[in-house]
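Number of protein chains: 2
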Amino acid sequence: MRISELVERTGVPLATLKYYLREGLLPSGEATSATRAAYGETHVRRVAVIRALTETVGLSVQKTRDVLQLIDHPEEDLVGMLGKAIEALPPNVTPDARADYPRARAVLEKLGQVYEPRFAAVAQLEHALAAAEAAGIPLDDERLAVYGPHIRAIAEFDVRNVPREPAAAVEYAVLGTAVHEPVLVALRRLAHQDLASRRLGPGRDATKSPRGKPPKAPSATKGRSWKKD
Amino acid sequence: MRISELVERTGVPLATLKYYLREGLLPSGEATSATRAAYGETHVRRVAVIRALTETVGLSVQKTRDVLQLIDHPEEDLVGMLGKAIEALPPNVTPDARADYPRARAVLEKLGQVYEPRFAAVAQLEHALAAAEAAGIPLDDERLAVYGPHIRAIAEFDVRNVPREPAAAVEYAVLGTAVHEPVLVALRRLAHQDLASRRLGPGRDATKSPRGKPPKAPSATKGRSWKKD
DNA sequence: TGAGCTTGGATAGTCATGGTATCCAATATT
DNA sequence: AATATTGGATACCATGACTATCCAAGCTCA
Chain B
1 MRISELVERT GVPLATLKYY LREGLLPSGE ATSATRAAYG ETHVRRVAVI RALTETVGLS
61 VQKTRDVLQL IDHPEEDLVG MLGKAIEALP PNVTPDARAD YPRARAVLEK LGQVYEPRFA
121 AVAQLEHALA AAEAAGIPLD DERLAVYGPH IRAIAEFDVR NVPREPAAAV EYAVLGTAVH
181 EPVLVALRRL AHQDLASRRL GPGRDATKSP RGKPPKAPSA TKGRSWKKD
Chain U
1 MRISELVERT GVPLATLKYY LREGLLPSGE ATSATRAAYG ETHVRRVAVI RALTETVGLS
61 VQKTRDVLQL IDHPEEDLVG MLGKAIEALP PNVTPDARAD YPRARAVLEK LGQVYEPRFA
121 AVAQLEHALA AAEAAGIPLD DERLAVYGPH IRAIAEFDVR NVPREPAAAV EYAVLGTAVH
181 EPVLVALRRL AHQDLASRRL GPGRDATKSP RGKPPKAPSA TKGRSWKKD
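Read top to bottom, the protein sequences are chains B and U. Sequential numbering of the first sequence, starting at 1, is according to the working numbering. Sequential numbering of the second sequence, starting at 1, is according to the working numbering.
Hints are computed from structural coordinates only; laboratory data are not their basis. Just so you know, these numbers come straight off a predicted model, no measurement behind them. One thing to keep in mind: the hints can contain errors.
Intra- or inter-copy, both count: the list cannot distinguish identical chains.
[To be verified] Pairs of lysine to aspartate or glutamate, DMTMM-like flavour, derived with a Cα cap of 25 Å:
| id | residue 1 | residue 2 |
| --- | --- | --- |
| 1 | Lys110 | Glu156 |
| 2 | Lys84 | Asp141 |
| 3 | Lys110 | Glu30 |
| 4 | Lys84 | Glu55 |
| 5 | Lys63 | Glu75 |
| 6 | Lys18 | Glu41 |
| 7 | Lys110 | Asp141 |
| 8 | Lys110 | Glu5 |
| 9 | Lys84 | Glu41 |
| 10 | Lys84 | Asp66 |
| 11 | Lys110 | Asp72 |
| 12 | Lys18 | Asp100 |
| 13 | Lys110 | Asp100 |
| 14 | Lys110 | Glu76 |
| 15 | Lys110 | Glu8 |
With the hints as extra help, turn the sequences into a complete structure.
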């Protein structure tokens, strides 16, 4: 297909596609002549991934390019790739191997995981913990005892499902880490709303302005029983 | 204290503090004279919260102001406040009550939660699910069956710990939702790295450059027993 | 008292991002 | 041949988050 069709298929303006081309996010189509190139389904998919990474995950165009290059040039070392990908993900904190991340270290020790200051995620965790502290809601032991195992279980599922084929594994690891984060975050927010509205009782309005029927009582929800504190 | 001291205490440049003042993120100190004002600990804390929200959570200055105003003017309706807060959080998708969010609806039905298109989080979830799909890693039933309950459990803990006092509850709900997200995300990334390095076997190097002894089994951690699901 | 420093308040400038818009010349297409 | 579409290059623009200056009205301390 020609680039004009790519515009139609993806809904992304021509000028923007050219921009992605320039920035190296999107490989140029196969040149069929001096002034013409053919694009394929891979390009359609690539554009979708670019938008997912930039719009939903919130990566900058530069970081998106880094991540895509990781996928395009997979190395055998999955763990190393994963590390590099995580480094590209927000929040953009650059790890300093010689720095000390006391909060992160304490947390990791409690979780029985290795504290490795070269991991970008350690610096990210430190940052996040400091922010929580600053906001007046530190991650105390009790909360960590809840968050830790559940997050670990989620991560175990993720890792269990890594494809065997190396290239696919890299793509899964890199994209999966990034792309499921917003899903998890949204699910938590929705669970908050669901629980809060049930807790504060049906009968009161569930939303700010719209007058919506408050979600019906906690009744039967998959047989789950939510004890209310 | 004078503003120059606030600069020292927070490490934020004067020009930036003035910017926050202008934008209404930071209340001005109590005027002691025509050209002098006194700042207190509340200001120090406020600046910390501003940085946490902008740097770590990734809010824009505008959205940060919205969130802070929510906290400063708490209403009794906690659920409504929570909804407004979530609306200010990234990704910035504005919910359309008349729109249909098919992916989000399907997920919520499977989870036994109410589908309410006015909730911003529903639109956010739809967005995230579409992005995951575009990236080639859709949230299939199996994954949802794992993510859902664990996230729910986390959210239950969060809701269980809402303070009783209304103003404190609003602050906890609004800040807690936002501020713990980066923590959860960082924990998942670290769990990925931990699991991946264990999986690809000790014996192989755990990171690209650093040589880290693979963590010992999750066994006993501080005598605390967190049952793993 | 007065020289110099610190403020608050206002205004303008800067830098990075993430696009948009144009122009052009070389083809395709009809 | 006439018209439309490309690729490639270049220039332009809007937003956001600061950052820098200016100024005049106080403080402060010798």
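Verification of the hints:
Proximity of Lys110 and Glu156 under a CA criterion of 25 Å is satisfied in both settings, with 18 Å inside one chain copy and 22 Å between copies. With identical chains, the CA atoms of Lys84 and Asp141 are never at most 25 Å apart, being 30 Å at best within one copy and 29 Å at best between copies. In this assembly of identical chains, Lys110 and Glu30 lie within 25 Å of each other by CA distance neither inside one copy nor across copies; the values are 53 Å within and 44 Å between. With identical chains, the CA atoms of Lys84 and Glu55 are at most 25 Å apart both within one copy (21 Å) and between copies (21 Å).
For the identical chains of this complex, Lys63 and Glu75 are intra-copy neighbours only, at 18 Å inside a copy versus 40 Å across copies, given an alpha-carbon limit of 25 Å. In this assembly of identical chains, the alpha carbons of Lys18 and Glu41 lie at most 25 Å apart only when taken from the same copy (17 Å versus 51 Å across copies). For a Cα distance limit of 25 Å, the shortest separation of Lys110 from Asp141 inside one copy, 9 Å, qualifies, whereas the shortest one across copies, 32 Å, does not. In the homo-oligomer, the alpha carbons of Lys110 and Glu5 never lie at most 25 Å apart, since the shortest distance is 54 Å inside one protomer and 37 Å across protomers.
Taking identical chains as interchangeable, the C-alpha atoms of Lys84 and Glu41 are never at most 25 Å apart, the minima being 27 Å within one chain and 40 Å between chains. For the identical chains of this complex, Lys84 and Asp66 are intra-copy neighbours only, at 9 Å inside a copy versus 34 Å across copies, given an alpha-carbon limit of 25 Å. Neither within a single protomer nor between protomers do Lys110 and Asp72 lie at most 25 Å apart by alpha-carbon distance, with minima of 37 Å and 35 Å respectively. In this assembly of identical chains, Lys18 and Asp100 lie within 25 Å of each other by CA distance neither inside one copy nor across copies; the values are 43 Å within and 32 Å between.
Proximity of Lys110 to Asp100 under the C-alpha cut-off of 25 Å is restricted to the intra-copy arrangement: shortest distance 17 Å within a copy versus 43 Å between copies. For the identical chains of this complex, Lys110 and Glu76 are neighbours neither inside a copy (31 Å) nor across copies (37 Å), given an alpha-carbon limit of 25 Å. Within a single copy, Lys110 and Glu8 get their C-alpha atoms no closer than 52 Å, and across copies no closer than 34 Å, so neither meets the 25 Å cut-off.
Violated hints for the displayed structure, listed by number in ascending order: 2, 3, 8, 9, 11, 12, 14 and 15.
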